[in-house]
Amino acid sequence: DAGVIQSPRHEVTEMGQEVTLRCKPISGHDYLFWYRQTMMRGLELLIYFNNNVPIDDSGMPEDRFSAKMPNASFSTLKIQPSEPRDSAVYFCASSFGAEKLFFGSGTQLSVL
Amino acid sequence: GQQLNQSPQSMFIQEGEDVSMNCTSSSIFNTWLWYKQDPGEGPVLLIALYKAGELTSNGRLTAQFGITRKDSFLNISASIPSDVGIYFCAGQPVQGAQKLVFGQGTRLTINP
Chain A
59 DAGVIQSPRH EVTEMGQEVT LRCKPISGHD YLFWYRQTMM RGLELLIYFN
109 NNVPIDDSGM PEDRFSAKMP NASFSTLKIQ PSEPRDSAVY FCASSFGAEK
159 LFFGSGTQLS VL
Chain B
12 GQQLNQSPQS MFIQEGEDVS MNCTSSSIFN TWLWYKQDPG EGPVLLIALY
62 KAGELTSNGR LTAQFGITRK DSFLNISASI PSDVGIYFCA GQPVQGAQKL
112 VFGQGTRLTI NP
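Protein sequence lines, in the order shown, are assigned to chains A and B.
At position 111 of the first sequence the residue is numbered 169 (the numbering used here), and the sequence of numbers has no breaks.
At position 43 of the second sequence the residue is numbered 54 (the numbering used here), and the sequence of numbers has no breaks.
It should be emphasised that the hints constitute simulated quantities derived from the structure, not laboratory data.
Bear in mind that the values here come from a model prediction, so they are computed numbers and not experimental data.
Ideal Cβ positions, reconstructed from N, Cα and C, are used throughout, including at glycine.
A portion of the hints provided could be inaccurate.
Stated by the list, open to error - Pairs of lysine-lysine residues, derived as DSBU-like cross-links and limited to a Cα-Cα distance of at most 35 Å, are as follows:
no. : chain 1 : residue 1 : chain 2 : residue 2
1   : A       : K126      : A       : K158
2   : B       : K110      : A       : K82
3   : B       : K110      : B       : K62
4   : B       : K81       : B       : K110
5   : A       : K126      : A       : K136
6   : B       : K81       : B       : K62
7   : B       : K81       : A       : K82
8   : A       : K136      : A       : K158
9   : B       : K110      : A       : K136
10  : A       : K158      : B       : K62
11  : B       : K62       : A       : K82
12  : A       : K126      : A       : K82
13  : A       : K158      : B       : K110
14  : A       : K136      : A       : K82
15  : A       : K158      : A       : K82
16  : A       : K126      : B       : K110
17  : A       : K158      : B       : K81
What the hints assert, rightly or not - For each label pair, taking beta carbons as the anchor points, the in silico distance ranges come out as:
no. : chain 1 : residue 1 : chain 2 : residue 2 : range
18  : A       : N129      : B       : S21       : 37 to 45 Å
19  : A       : R122      : B       : E65       : 36 to 44 Å
20  : A       : Q166      : B       : N69       : 26 to 34 Å
21  : B       : D29       : A       : L170      : 38 to 46 Å
22  : B       : R71       : A       : L170      : 41 to 49 Å
23  : A       : R99       : B       : L56       : 17 to 25 Å
24  : A       : E141      : B       : N69       : 37 to 45 Å
25  : A       : S65       : B       : I39       : 32 to 40 Å
26  : B       : E26       : A       : E76       : 43 to 51 Å
Next up, chain A with everything else stripped away, as it sits in the complex (with noise of 0.2 Å):
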């Protein structure tokens, strides 16, 4: 079975700059989560969706970060405008039933 799949794996951009970060879940899990992971921060949840709703964002940084869930198989994490303090490694997971967290491989995000 296929895991959880992100792309792009690595992504350098200038500050100003938008990113999209992309995931496609497990098939039939029913949740995923947007987390960021740094040195200083560890793990961060950012958002996570349950059946393609949007249930939690107050993880979300600020205004210019945003996510969407169009359908069951497909989630986007954007970053408008991006700036250098957004460098992280940003991770989506999924599960079922928001038990048994799936991690995709991540997102290497450096803005410089």
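Using the hints, position chain B against chain A.
Below, chain B alone, put in the same frame as chain A:
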């Protein structure tokens, strides 16, 4: 918010040694999970614990759900080089069960 205190933060051991790490909290959790993260990858679920006092094994790994529901430990026996990585505990809180709380991780380094 709820926090998990994971210790130790890092471990340097010899191949073949046993490893022990734990997570504690002032809050009660319904479920405890242990994940391992390899460099450049997302966390992978190792063990899930659902009941206070539960002791579960997965190969050389053994984890326990504390009786008070406020702690959990993970043991690795006879460590091998591929055990290198970062181990995370995660707890599913009683309130807001969809939002796992993650520890800060234990970085395991093994000298051959």
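Now the hints, each set against the structure:
| no. | hint | in the structure |
| --- | --- | --- |
| 1 | A:K126 - A:K158 | holds, 22 Å |
| 2 | B:K110 - A:K82 | holds, 20 Å |
| 3 | B:K110 - B:K62 | holds, 19 Å |
| 4 | B:K81 - B:K110 | holds, 17 Å |
| 5 | A:K126 - A:K136 | holds, 9 Å |
| 6 | B:K81 - B:K62 | holds, 12 Å |
| 7 | B:K81 - A:K82 | holds, 34 Å |
| 8 | A:K136 - A:K158 | holds, 25 Å |
| 9 | B:K110 - A:K136 | holds, 21 Å |
| 10 | A:K158 - B:K62 | holds, 15 Å |
| 11 | B:K62 - A:K82 | holds, 32 Å |
| 12 | A:K126 - A:K82 | holds, 12 Å |
| 13 | A:K158 - B:K110 | holds, 11 Å |
| 14 | A:K136 - A:K82 | holds, 15 Å |
| 15 | A:K158 - A:K82 | holds, 17 Å |
| 16 | A:K126 - B:K110 | holds, 18 Å |
| 17 | A:K158 - B:K81 | holds, 19 Å |
| 18 | A:N129 - B:S21: 37 to 45 Å | holds, 42 Å |
| 19 | A:R122 - B:E65: 36 to 44 Å | holds, 43 Å |
| 20 | A:Q166 - B:N69: 26 to 34 Å | holds, 29 Å |
| 21 | B:D29 - A:L170: 38 to 46 Å | holds, 44 Å |
| 22 | B:R71 - A:L170: 41 to 49 Å | holds, 43 Å |
| 23 | A:R99 - B:L56: 17 to 25 Å | holds, 22 Å |
| 24 | A:E141 - B:N69: 37 to 45 Å | holds, 41 Å |
| 25 | A:S65 - B:I39: 32 to 40 Å | holds, 38 Å |
| 26 | B:E26 - A:E76: 43 to 51 Å | holds, 47 Å |
Going through the hint list in order, the structure satisfies each hint without exception.
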